[in-house]
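Trainee: Using our numbering, the final residue of the sequence shown is 354, and nothing's skipped along the way.
Read the hints as simulated data drawn from the structure, not as lab findings.
As the structure is a computational prediction, the values presented were derived from the model and not from experiment.
You may find that some hints are simply not true.
[As the list claims (entries may be wrong)] Here are the simulated lysine-lysine pairs, DSS-like style, with alpha carbons at most 30 Å apart: (1) Lys-350 - Lys-304; (2) Lys-217 - Lys-240; (3) Lys-217 - Lys-173; (4) Lys-350 - Lys-173; (5) Lys-173 - Lys-128; (6) Lys-304 - Lys-128; (7) Lys-217 - Lys-128; (8) Lys-304 - Lys-240; (9) Lys-173 - Lys-340; (10) Lys-350 - Lys-340; (11) Lys-340 - Lys-304.
[Said to hold, decoys possible] Just the calculated beta-carbon pair ranges, DEER-fashion: (12) Ser-336 - Val-126: 18 to 28 Å; (13) Gly-177 - Glu-337: 43 to 53 Å; (14) Gly-141 - Gly-322: 22 to 32 Å.
Virtual Cβ for every residue (Gly too), placed ideally from N, Cα, C.
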Amino acid sequence: AGVQKAGLINYVSPDIMGFTDEVNEFSARYARRYPDRLIPFGSVHPRFSKDPAGEMARLADLGIRAIKIHPPHQLIYPNDYLNGMRALEVIYRKAIEYRMPVMIHTGTSVFPGARNKFGDPIHVDDVAVDFPELTLILAHGGRPLWMSTCVFLLRRHQNVYMDISSIPPQNLLAYFPQLEKLADKTMFGSDWPGPGVPGIRANIEAFLQLPLSEEAKRKILRETALKVFGE
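Given only the sequences and the hints, what does the whole structure look like? Please build it.
Mentor: Here it is as structure tokens:
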């Protein structure tokens with residue numbers, strides 16, 4: 124598929140998904156085999172962490188380069204620091220310190236136990252305002268309910284981007300009719316090996332068939348990600 128770099132994305136969700144913080148070590152260890160090609164994501168669960176600053180330092184020591192937050196599976200709002208969840212504020216501040224972009228799941232989830240009220244991306248608006256130095260990525264573009272909210276956030280905030288993972292390429296222009304104009308804020312993603320994803324190569328080939336300019340395709344497939352991850 125001609126893929127030069129890829130993100131290894133995971134998150135901690137022991138109660139809903141059975142994912143413990145061991146996923147951080149797994150992601151970091153896997154990426155060490157191909158450090159020039161793989162970008163390991165890590166996670167600190169703000170509801171369970173007793174030492175979020177220490178856990179973020181450990182992630183940095185492991186070589187983790189980005190953070191994933193999954194509100195519907197972690198049962199939090201991205202702006203719950205406004206509701207007394209101090210650990211979440213610490214995670215954001217440490218992400219700035221360690222220059223880690225923060226990817227936040229936006230949109231719904233069909234997994235048992237997920238709470239989809241947490242997937243509304245409008246709550247990221249507060250995060251973008253309160254932490255302007257933090258690079259934020261809206262995973263899945265809010266699909267299938269909140270795409271317009273994601274577009275609003277991309278246009279409003281300089282520090283907000285989105286990825287188009289977990290969206291069948293043939294549906295992209297129905298979801299985002301102005302995708303051509305959003306290319307400098309949009310990154311390709313596959314969500315492979317998630318349910319229903321045919322494969323990275325298949326999704327890239329389908330994406331390349333879309334009626335977008337070559338410049339827009341180049342930005343979405345490569346240039347925006349290089350900017351976000353400081354490559």
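Trainee: Need the status of pair Lys-304, Lys-128: alpha-carbon distance at most 30 Å?
Mentor: Between Lys-304 and Lys-128 the Cα gap is close to 24 Å, so the pair holds against 30 Å.
Trainee: Is Lys-217 close enough to Lys-240, meaning Cα to Cα at most 30 Å?
Mentor: Distance of about 26 Å is within 30 Å: holds.
Trainee: Mind checking the hinted window 22 to 32 Å against the Cβ distance between Gly-141 and Gly-322?
Mentor: Cβ of Gly-141 to Cβ of Gly-322: about 25 Å, so the range 22 to 32 Å holds.
Trainee: When you check the alpha-carbon spacing of Lys-217 and Lys-128, does it fall within 30 Å?
Mentor: Within the cut-off at roughly 25 Å; holds.
Trainee: Given the proposed pairing of Lys-350 with Lys-304, does the C-alpha separation stay at or below 30 Å?
Mentor: With a Cα-Cα distance of about 17 Å, the restraint between Lys-350 and Lys-304 holds, given a limit of 30 Å.
Trainee: Would you check the hint for Lys-173 and Lys-340, treating anything up to 30 Å between C-alpha atoms as holding?
Mentor: 43 Å, violated
Trainee: Taking 30 Å as the top limit, are the C-alpha atoms of Lys-350 and Lys-173 close enough?
Mentor: 33 Å, violated
Trainee: Would the pair Lys-217 and Lys-173 pass a check requiring their Cα atoms to be no farther apart than 30 Å?
Mentor: Status holds; Cα separation ~15 Å.
Trainee: Can you confirm whether the C-alpha distance between Lys-173 and Lys-128 stays at or below 30 Å?
Mentor: 34 Å, violated
Trainee: Holds or violated: the 18 to 28 Å window for the beta-carbon distance between Ser-336 and Val-126?
Mentor: For Ser-336 and Val-126 the Cβ distance comes to about 21 Å; the hint holds.
Trainee: Is it true that the CA of Lys-350 sits at most 30 Å from the CA of Lys-340?
Mentor: 15 Å, holds
Trainee: Does the alpha-carbon distance linking Lys-340 and Lys-304 stay inside the 30 Å limit?
Mentor: 11 Å, holds
When the structure is compared with the earlier hints, violations turn up for hints 4, 5, 9 and for no others.
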